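Engineer: If you read the sequences in order, they're chains P and S. According to the numbering used here, the residues represented by the first sequence are 1 to 77, in order. According to the numbering used here, the residues represented by the second sequence are 1 to 202, in order.
Calculated directly from the structure, the hints in this document are not laboratory data. Values in this document were obtained by computation on a predicted structure and should not be read as measured data. Glycine included, each C-beta is placed from N, C-alpha and C at the ideal position. One thing to keep in mind: the hints can contain errors.
[To be verified] Derived pair list, reagent style SDA-like, types lysine to any residue, alpha-carbon separation capped at 20 Å:
| # | chain 1 | residue 1 | chain 2 | residue 2 |
| --- | --- | --- | --- | --- |
| 1 | P | Lys-2 | P | Leu-44 |
| 2 | P | Lys-2 | S | Asp-177 |
| 3 | P | Lys-54 | S | Asp-177 |
[Claimed, not checked] Here are the computed distance ranges between Cβ atoms for each label pair:
| # | chain 1 | residue 1 | chain 2 | residue 2 | range |
| --- | --- | --- | --- | --- | --- |
| 4 | S | Ala-42 | P | Met-13 | 38 to 44 Å |
| 5 | P | Leu-58 | S | Thr-104 | 32 to 38 Å |
| 6 | P | Phe-77 | S | Phe-34 | 18 to 24 Å |
| 7 | P | Ala-75 | S | Ala-108 | 14 to 20 Å |
| 8 | S | Ala-20 | P | Ala-75 | 32 to 38 Å |
| 9 | P | Ile-9 | S | Phe-146 | 27 to 33 Å |
| 10 | S | Ala-57 | P | Ala-20 | 40 to 46 Å |
| 11 | P | His-23 | S | Ser-159 | 34 to 40 Å |
| 12 | S | Val-115 | P | Phe-77 | 44 to 50 Å |
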Amino acid sequence: MKANTVVWIVLMMLTYAGFALSHVNGAGKATAFILAAAGLKFALVGWQFMDLRKSLMLWSAALFGLLGVILGVVAFF
Amino acid sequence: MTSEPSASHPTVPALPEREAWEPPGGILIWGLVFLELVTFGAGFGVFMAQGREHAAAFEQGREMLNQPLALANTFMLLTGGWCMANALVALRGNRRRPALIWITTAIATGLFFLVLKVVEYAEKFQHGIGFGEDTFFTLYYALTGFHAVHVLVAVVLLSFMAFGIRSGRYHAADHFDVASSGIFWHMCDLIWLLLFPILYLL
Numbered sequence: 001m002k003a004n005t006v007v008w009i010v011l012m013m014l015t016y017a018g019f020a021l022s023h024v025n026g027a028g029k030a031t032a033f034i035l036a037a038a039g040l041k042f043a044l045v046g047w048q049f050m051d052l053r054k055s056l057m058l059w060s061a062a063l064f065g066l067l068g069v070i071l072g073v074v075a076f077f
Numbered sequence: 001m002t003s004e005p006s007a008s009h010p011t012v013p014a015l016p017e018r019e020a021w022e023p024p025g026g027i028l029i030w031g032l033v034f035l036e037l038v039t040f041g042a043g044f045g046v047f048m049a050q051g052r053e054h055a056a057a058f059e060q061g062r063e064m065l066n067q068p069l070a071l072a073n074t075f076m077l078l079t080g081g082w083c084m085a086n087a088l089v090a091l092r093g094n095r096r097r098p099a100l101i102w103i104t105t106a107i108a109t110g111l112f113f114l115v116l117k118v119v120e121y122a123e124k125f126q127h128g129i130g131f132g133e134d135t136f137f138t139l140y141y142a143l144t145g146f147h148a149v150h151v152l153v154a155v156v157l158l159s160f161m162a163f164g165i166r167s168g169r170y171h172a173a174d175h176f177d178v179a180s181s182g183i184f185w186h187m188c189d190l191i192w193l194l195l196f197p198i199l200y201l202l
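Just chain P, with the same shape it has in the complex (with noise of 0.2 Å):
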């Protein structure tokens, strides 16, 4: 229960962080950054709340590879 708190006060302020930096201007660093933050929210929440840290590396693998993707469309665009 330790580590899932960690983890839920990470994400809780990675998710204020990007709020906050969407209003600054340097769009371009806050996209990147907001992106990246999405990134590793997603991965955090896949890997500790879903406990895929526990099975195989095939799945983590799998999930993190659709977000790559995902992601590099959003960035594509």
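Please build the complex by placing chain S on the supplied structure of chain P, with the hints as guidance.
Structural biologist: This is chain S only, laid out in the frame that chain P set:
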């Protein structure tokens, strides 16, 4: 192999051994997770492509969205995810009462999310911004509405699990359904973690 007898379950039948290669919660729920992520991913792609074509309209539409409300919703879902993860930890440790408290709190966060979503939509409708307003809002309502339906289904699922934990149906030796339902719940988190920045922040 049987579990230790309890007051409500004098003998618990042996559970089928889960395959070691299976992901947490089982292969079926993860099949659904991947299918939903691909579906929403396609939706995000369409949203971004349309955003490039109608840049001014999308920028204007984004400014009309309630970002603080969406931020609050993000906090709600993340907290719900934390609660659900803790519920499973407690259940595996055969601590049913803490598990029940955690899962009930997760349900509450889901309900709060849905209430905030209704408030957000009502705000738009009051300003006459409906589904067919323009491409931005059509996609906004479609993506967020589809996601909200998933959250509603997750709340219903978790409610069934809560009743099962309360009645003793689910416990340390038998909680596969709870784990699967948890995966569905976290899937709603995963989708929103992408939906929130793409629709509201970028």
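Engineer: Decide if the proposed pair is consistent with the structure: P/Lys-2 and P/Leu-44, CA atoms, cutoff 20 Å inclusive.
Structural biologist: With a Cα-Cα distance of about 14 Å, the restraint between P/Lys-2 and P/Leu-44 holds, given a limit of 20 Å.
Engineer: Should the hint that P/Phe-77 and S/Phe-34 are 18 to 24 Å apart at their CB atoms be regarded as holding?
Structural biologist: 23 Å, holds
Engineer: The hint says 44 to 50 Å between S/Val-115 and P/Phe-77; measuring C-beta to C-beta, is that right?
Structural biologist: 33 Å, violated
Engineer: Per the hint of 27 to 33 Å, is the separation of the Cβ atoms of P/Ile-9 and S/Phe-146 within bounds?
Structural biologist: 30 Å, holds
Engineer: Would you check the hint for P/Lys-2 and S/Asp-177, treating anything up to 20 Å between C-alpha atoms as holding?
Structural biologist: Violated: P/Lys-2 and S/Asp-177 sit about 24 Å apart, past 20 Å.
Engineer: When you take the CB atoms of S/Ala-20 and P/Ala-75, is the distance between them in 32 to 38 Å?
Structural biologist: With Cβ atoms ~36 Å apart, the hint holds.
Engineer: Checking one constraint from the list: CA of P/Lys-54 to CA of S/Asp-177, max 20 Å. Satisfied?
Structural biologist: With Cα atoms ~18 Å apart, P/Lys-54 and S/Asp-177 stay inside 20 Å; holds.
Engineer: Mind checking the hinted window 34 to 40 Å against the Cβ distance between P/His-23 and S/Ser-159?
Structural biologist: About 37 Å separates the Cβ atoms of P/His-23 and S/Ser-159, which means 34 to 40 Å holds.
Engineer: For the range 32 to 38 Å, tell me whether the beta carbons of P/Leu-58 and S/Thr-104 fit it or not.
Structural biologist: 34 Å, holds
Engineer: Given a hinted range of 38 to 44 Å, is it respected by the beta-carbon distance of S/Ala-42 and P/Met-13?
Structural biologist: 30 Å, violated
Engineer: Is it true that the C-beta distance of P/Ala-75 to S/Ala-108 lies inside 14 to 20 Å, as the hint says?
Structural biologist: 36 Å, violated
Engineer: Does the hinted range 40 to 46 Å hold for S/Ala-57 and P/Ala-20 at CB?
Structural biologist: The hinted range 40 to 46 Å is violated for S/Ala-57 and P/Ala-20, with Cβ atoms some 26 Å apart.
Checked against the numbered hints given earlier, the structure breaks hints 2, 4, 7, 10 and 12 and satisfies all the rest.
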